[in-house]
Amino acid sequence: MAIIEDETVSLHPPLPTEPAPRELTEEEAAARAAKEKSEQEALPYRWTQTISDLDLTLPLPQGTRARDLAVTLKKRDFRVGLKGQPPLVEGKFWADVKEEDSTWSVEDQNTFTLHVEKVSSAQWWPCVIEGAPKIDTTKIVPENSKLSDLDGETRAMVEKMMYDNRQREMGKPTSDELKKQEMFEKFKQQHPEMDFSNAKMT
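Just add 5 to the spot in the sequence shown (first one is 1) and you have our numbering.
Just so you know, these hints were derived from the structure itself, not from any lab. Beta carbons are placed, not taken as given, at the ideal position from N, Cα and C, and that holds for glycine. Misleading hints may appear alongside valid ones.
Pairs of lysine-lysine, DSS-like flavour, derived with a Cα cap of 30 angstroms [stated by the list, open to error]:
| hint | residue 1 | residue 2 |
| --- | --- | --- |
| 1 | Lys191 | Lys40 |
| 2 | Lys193 | Lys40 |
| 3 | Lys40 | Lys97 |
| 4 | Lys80 | Lys165 |
| 5 | Lys144 | Lys103 |
Here are the simulated distance ranges between beta carbons [unchecked claim]:
| hint | residue 1 | residue 2 | range |
| --- | --- | --- | --- |
| 6 | Thr53 | Glu190 | 42 to 48 angstroms |
| 7 | Thr30 | Ser180 | 23 to 29 angstroms |
| 8 | Thr142 | Leu87 | 30 to 36 angstroms |
| 9 | Ser43 | Ser180 | 30 to 36 angstroms |
| 10 | Pro178 | Arg81 | 30 to 36 angstroms |
| 11 | Arg81 | Glu198 | 51 to 57 angstroms |
| 12 | Asp101 | Thr30 | 35 to 41 angstroms |
| 13 | Ser43 | Ala127 | 27 to 33 angstroms |
| 14 | Lys97 | Glu187 | 36 to 42 angstroms |
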């Protein structure tokens with residue numbers, strides 16, 4: 006058996022492989038979507054996101070002003086509530102935010118609004134707060150207008166991530182895995198004298 010290593014290709018003895026994920030039936034997919042919708046509606050807040058930022062709204066008692074709230078908004082920590090009362094929402098953000106570019110306000114004296122900029126501008130969040138019910142980020146399809154707003158490098162990263170998510174869903178290799186397979190095939194063609202029957206790409 007040949008063991009060959011360079012910067013991009015690594016061949017090792019065969020390892021157990023996980024079976025490709027089974028594709029959900031329509032009924033299973035519908036049940037999962039209904040469960041996700043129910044869990045999100047049960048949250049005390051509503052939220053939306055783009056690949057680079059996130060917005061959250063939280064109902065407040067009518068007549069609430071900004072000075073009535075106790076708010077903590079840091080890189081990873083978030084807390085909001087009425088002064089002297091238990092917090093309405095508290096916990097750690099799912100990922101880091103740009104504290105200096107994130108803001109909050111009270112709209113119409115009855116709604117708390119939060120806008121945060123993500124530190125990673127190429128990552129979908131499955132939830133706002135760690136431990137909260139998650140959404141299936143592989144189902145997110147950004148608007149073309151949103152993608153066109155991104156710089157070339159970030160847009161390429163997002164499109165690659167979306168492609169890889171679709172490939173995983175279908176049990177197919179990701180773009181990186183396809184690239185490694187292609188390089189391996191070329192290597193085999195260049196070295197026909199070597200035995201690769203038991204080699205495995207990693």
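Structure-based check of all given hints:
1. Lys191 with Lys40: violated, 46 angstroms
2. Lys193 with Lys40: Distance ~48 angstroms between Lys193 and Lys40 Cα, so the pair is violated.
3. Lys40 with Lys97: Given pair Lys40, Lys97 holds - Cα atoms ~24 angstroms apart, limit 30 angstroms.
4. Lys80 with Lys165: Given that 30 angstroms is the threshold and the Cα spacing comes to 27 angstroms, the pair holds.
5. Lys144 with Lys103: Distance ~26 angstroms between Lys144 and Lys103 Cα, so the pair holds.
6. Thr53 with Glu190: 42 to 48 angstroms: Check passed, 43 angstroms falls within 42 to 48 angstroms.
7. Thr30 with Ser180: 23 to 29 angstroms: holds, 28 angstroms
8. Thr142 with Leu87: 30 to 36 angstroms: For Leu87 against Thr142, whose Cβ atoms are near 32 angstroms apart, the range 30 to 36 angstroms holds.
9. Ser43 with Ser180: 30 to 36 angstroms: Roughly 34 angstroms apart at Cβ, these two residues keep to the hinted range, so it holds.
10. Pro178 with Arg81: 30 to 36 angstroms: holds, 34 angstroms
11. Arg81 with Glu198: 51 to 57 angstroms: holds, 55 angstroms
12. Asp101 with Thr30: 35 to 41 angstroms: holds, 38 angstroms
13. Ser43 with Ala127: 27 to 33 angstroms: Because 30 angstroms falls inside the window, the suggested range holds.
14. Lys97 with Glu187: 36 to 42 angstroms: With Cβ atoms ~41 angstroms apart, the hint holds.
Against the hints set out earlier in the document, violations occur for numbers 1, 2.
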